Amino acid sequence: MAPRVGVVQFPGSNCELDVIEAVRLLGGDAEILWHADATVSGVDAVVVPGGFAHGDYLRPGAIARFSPVMGAVVDFAAAGGPVLGICNGFQVLTEAGLLPGALQKNRGLKFLCTTVELRVESTASVLTSAAQSGAVLRVPINHFEGNYTCSPEVLAELRSEERVVLRYVDNPNGSVDDIAGITNAGRNVVGLMPHPERASNPLLGSEDGLVLLRSFLGAATPVAR
Amino acid sequence: MLFSVQVEVSLREGVADPQGATIERSLPHLGFDGVRGVRVGKSIRFDIDATDEAAARAEVDDLCQRFLTNPVIEDATVSLTAVDASGAGR
Numbered sequence: 463m464a465p466r467v468g469v470v471q472f473p474g475s476n477c478e479l480d481v482i483e484a485v486r487l488l489g490g491d492a493e494i495l496w497h498a499d500a501t502v503s504g505v506d507a508v509v510v511p512g513g514f515a516h517g518d519y520l521r522p523g524a525i526a527r528f529s530p531v532m533g534a535v536v537d538f539a540a541a542g543g544p545v546l547g548i549c550n551g552f553q554v555l556t557e558a559g560l561l562p563g564a565l566q567k568n569r570g571l572k573f574l575c576t577t578v579e580l581r582v583e584s585t586a587s588v589l590t591s592a593a594q595s596g597a598v599l600r601v602p603i604n605h606f607e608g609n610y611t612c613s614p615e616v617l618a619e620l621r622s623e624e625r626v627v628l629r630y631v632d633n634p635n636g637s638v639d640d641i642a643g644i645t646n647a648g649r650n651v652v653g654l655m656p657h658p659e660r661a662s663n664p665l666l667g668s669e670d671g672l673v674l675l676r677s678f679l680g681a682a683t684p685v686a687r
Numbered sequence: 052m053l054f055s056v057q058v059e060v061s062l063r064e065g066v067a068d069p070q071g072a073t074i075e076r077s078l079p080h081l082g083f084d085g086v087r088g089v090r091v092g093k094s095i096r097f098d099i100d101a102t103d104e105a106a107a108r109a110e111v112d113d114l115c116q117r118f119l120t121n122p123v124i125e126d127a128t129v130s131l132t133a134v135d136a137s138g139a140g141r
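Just so you know, the sequences run in chain order U and S. This note's numbering numbers the first residue of the first sequence as 463 and each following residue consecutively. This note's numbering numbers the first residue of the second sequence as 52 and each following residue consecutively.
No lab work stands behind these hints, which were simulated from the structure alone. The hints are all genuine.
Which chain S residues face chain U? A few, computed with CB under 7 angstroms, are given here:
| # | residue |
| --- | --- |
| 1 | 69 |
| 2 | 73 |
| 3 | 121 |
| 4 | 123 |
| 5 | 124 |
Treat the numbers as computed from the prediction; the structure is a model and nothing was measured. Every residue, glycine too, gets a C-beta built ideally from N, C-alpha and C.
Pulled out of the complex, with its shape left as it was, chain S reads as follows:
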């Protein structure tokens, strides 16, 4: 089975995010006054072949732990969708 995967990498709670802080500070200059808690992360998308969803998730979790994130400072949130023959779900 083919699965479409989106990994959102974000800084762990409590880890300072100077990019997010800088964006937040600049927003009032553009007239956006109500924005709080800006955090910057990155999004990584790929497809993966696996026997079932549990196997796909286990492999993606391992991939995140060993490569896509630095667990000292980052967390990953994984979204996973089955892709059918027509490509729907991607």
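With the rest of the complex left out, here is chain U:
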């Protein structure tokens, strides 16, 4: 049976359909999880997609983390379920406390919309298990607040536990230690600023995001939990 992936939709999300398209391309089932429903509807994996949830008012993710669905996402993650936050979704997961650190305005104060190179630093996560360690992937970024920051203690922990899963080859936004994506201690929650769903077809200029989404779908089975 195809894995069922739930894609959270907040008011202001704008990448949910792209994620659904990419998941279906890989043979998965995908459905919208409306933010006001306090359930993940029995899906096998959850994606918090990009966009501007609740208008990014106050701070990106600050209001979204209180949406009813997020309580269910936190429970799902605590039970070992695979959770992926992309771009604004990464910001939401840090605000919700599922991932450490925070995302600040880009160094240089420019909104960045370009394709960058990412190096796979660890394959021990739900997003990178099918990738080759050290592989370089071309994946688009599209953000104003993607400058990852955390305390020196958290950074030391991320490094020693190999929880930095993706790094920028050429740091575009000032993120500490070139961090593009991290995972939690359980390695079932991953957040990243780049958009793998936008690198899912040669027509889009790259299909390097597929190996990441394929990893994620591979983790999205009831058996894996």
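Using the hints provided, position chain S relative to the given structure of chain U.
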């Protein structure tokens, strides 16, 4: 009792502030040469009902910690004034 509250949210010391840095760099072009240490924050105002000032302050501190700031990168400075029936103090 009603209290008027102003919360100033600022980036924690040591956290880079690209907005502040950009403003500071542009000031000499306008002829302001002596300005240093520009930091950009935000100000949030509201009224709160509480039994006394200590209760109001405790609730505002909790609100700041859980919602109005991201404690990883931001601090809050709270100013709190009692508002009397005529609205004075707001």
